[in-house]
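As a plain string of letters, each chain reads:
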Amino acid sequence: MKKKLISILLCAGMVISLAGCGETGKEEKAENEAKKGETLTIYTNSGSDGRGEWLEEKAKEAGFDIQFIDAGAAETQSRLIAEKNAPVADVVFGLNSIIWSSLKSEDILTEYVPKWAGEVESELNDSDGFYHATVKQAILLCYDENQISEEEAPKDWPDLWQKEEFHGKYEYLTGLSGGTVRNVLAGILTRYADPEGELGISDEGWKEIESYYKNGSPNESGVDLYARIADTNNPIVCGQMWSSGIESRDEQYGTKTAYVVPEVGVPYAVEAIGIVNGTKKLDEAKEFVDWFGSAEVQGEWAEEFSTLPANEKAVDKANEFNQEIAKIPAQDIDWDLVAENIDAWCEKIILEYMP
Amino acid sequence: MKKKKMKFDSGQLPKYLIYAFFVWFILSCLVIPNINTIFTVFFENGEFTLEPLQKLLSSEKAMKSLRNSCILAPALSVTVGFVGISLVLITEYFDIRGARMLRIGYMTTLIYGGIILVSGYKFIYGNNGFLTNIFAKVIPNFPTDWFQGFWAVLFVMTFACTSNHMIFLRNAMRAVDFQTVEAAQNMGASQIRILLRVVLPVLTPSLLAVTILTFITGLSATSAPLLIGGNDFQTITPMILTFSKTVNSRPLAALLALFLGIATILLLTVMMKIEKRGHYMSISKVKTTIRKQKIRNPIINVLVHIYAYILFLIYVLPVVLIVLFSFTDAKTIATRKLSLSAFTLDNYKTILTEASAYRPFIVSVIYSLLSAVAVAILVLMACRIIQKNKNKASAALEYGLLIPWLLPTTLIAIGLITTYNTPRFWMFNKILTGTSVIMFIGYVIIKIPFTLRMTKAAFFSLDDSLEDAARSLGAKGFYTFRRVILPIVLPTVLAIFALNFNGLLGDYDMSVFMYHPLNQPLGVYIKSLTDAQTNADNSALSFVYAVLMMIISGTVVYFVYGRGDKTKVKK
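Just so you know, the sequences run in chain order A and B.
According to my numbering, the first sequence is numbered sequentially starting from 0.
According to my numbering, the second sequence is numbered sequentially starting from 589.
None of these hints come from the bench; they were simulated from the model.
One or more of the hints may lead you astray.
[Stated by the list, open to error] Residues from chain A shown here face chain B by an in silico Cβ test under 8 Å; the list is partial:
| hint | residue |
| --- | --- |
| 1 | F67 |
| 2 | I68 |
| 3 | V222 |
| 4 | C345 |
Here a beta-carbon is modelled for each residue, glycine too, at the ideal position from N, C-alpha and C.
Go ahead and model the full structure; you've got the sequences and the hints to work with.
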């Protein structure tokens, strides 16, 4: 009796880990044998709002079997790096240029030039062929036209902190791991690039950024920027927004969004697609990339989710709003400088400038 | 004699196997994956560096946040202790009208927490909140942003962190022997004297244990400072979380976490010393359960009733509002203006009709269930070893199992996937990264310290004489454990199980790094609804999920308490 009970207890303890391991081994094998590389695992930060389900269905029609891991951009990057020696993902899409260039330098990606690569503006693709652009997203300074007119609105980011009338009326983010906020920072800081300066930025640049944080209002966790803009009791009238998020928010909040078009242009966050280095399903992955970035799929994606495709043959499928966005000039940003320093910039800002 | 010796040996074998298991578990799951993370703090490209330390020491904000965390923790221990003890006295000791209803209200913190809980409080006290609007109407020039900073954080967290009191202190209160109370009464002791001299000493071990937990919660406060701390009262954990998300800033995150970890260890060491000084139990062999005490002084009686019902309102209102707001849209939630016209069933329709929406529920329920059970078994074994052997090895076991308190969840998760993305002989050459097992291991790991702390407290309040009696009647070690000890600690173990289950159900920090593509857990799913990449503001949907999770958690708590109460009655 006693022995039996002991063995039960022991089993309970051991099973936790040992049996667990055994099971995984089996599972992995089964996956490789049965499906012969047909199921692609895809990492993205762009699978929410029904985009994942939509794509799954479309892919099925085209003969692909796909499954998603949908997480934030920073989390996706961390996962990919941590899984480097045993990659789980076959394909990654979404993210932004800063992360793509770091994935490339970490040796996470494998080179593949898809059939549609030539249909995309060449500056948007990786020159070595590791990742290729799918969607362009303008990173904008937005305000509600119901509340302030174009004349009253800021003309460029620095107006926010340089002109007293905007003090306390714009929102900045306290978390700096998101793609949008990093593009905003890149857009501001690279204007003050200085090889002699700290982390490649001149003293003046750091003073400006200090002023940006000093005179703004921090975001409230769990509260959308538009919720604050729409609330007339709230002093906030403007803040950062990615272009494809504007239309649905106007609908939700009854706002009439207008955006600032600075002379220097705006930063574009470029979403792209790449194949993970070490995938066992390389051929299937290549076929998927060819399919996903094609003008046809990107056009449908644009129609369905109001995006601005990078594929020039699909741009006409974008709606009127995105056609307008497409006309905004792109800011000339030294992305290599950004990719090299953005983590250190964010650290410095959090430690020294954020109130 | 010979025979006896042989039996003894065969009894030793499983014991050594269990020891071996713990050595293996602590090394491979707790020590090795985390060592690397700590190394990154002091070594860059193989060279020793103090750069992260310098960066932090020269940052005014980091130092201020650290100071704030260190102020919050002791302050919270006092306020939570006070409120927690009053809750237990109101529901279990004094004769208060409607105590059953009050108890349900006080237990609402068991079923929700984090951002959702703080949002609930903001609906009442924040800008545009119900109470704020009333104040603004009555008092001219009332500052509508009054609910911000240290006092607001302390207020919300005081009421948010009494779950442990409602469970463990309440269990302890039920173990108070009524005969002792009666004896004191017969000797003419006043009510207050009985409370202070007879009742409270019995509660001390549990009180110590829950105070440690409150202290740690205070040190690592996240949602409350983020949402209502304002510029002046930010704490350290949000900063740790931000840094740990960025690959290159991880050394900073780990270093900050180490600061907190060292504070935690110091506290634990002090507490363990106090605990070792001895048992506090008033031991009577034939216990009678407590009979509720009527407060004799009529004025005090009325005041206590008023106090009890004010507490009730504070606890219940946020829950009611969250449920109400889950039937509205994002705009209503943002502006906090409830109206009948904004009432809609669309949120629920969206979620309940989407096939992909309920699968995360199933995944999370299964993972949380398995992990909570595994943690309970693991820790029961550990506690038995710690209780029976008071030597260096058992101390090492205890400290070893507390390691996960040293690092934030995100870093533990990253440590695990980085360590086990190649075959390691101590993990039987299995690659764990990307499998469905690793998230289970992760869940178990993060729940060990809390479980150990509370289970141990239950073991310490055991009456040794029961075990002695069993042994002298000829019962063997494991038989005694199963038939005598387990039934006594079971209510506590079940309560911990419920807390662990509810805590894991919506986990994001660990899951996002570990989940298998086929099994997306709830926390990740909900987060993806409200993530920055979404095209719409889905805050209404996250309220619906909060309500659905409250229902699941509430069911679990009910189930556990239904059982817990029955066993009590049987005894």
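Hints numbered earlier in the text: which of these fail when held up against the supplied structure?
Structure breaks no hint.
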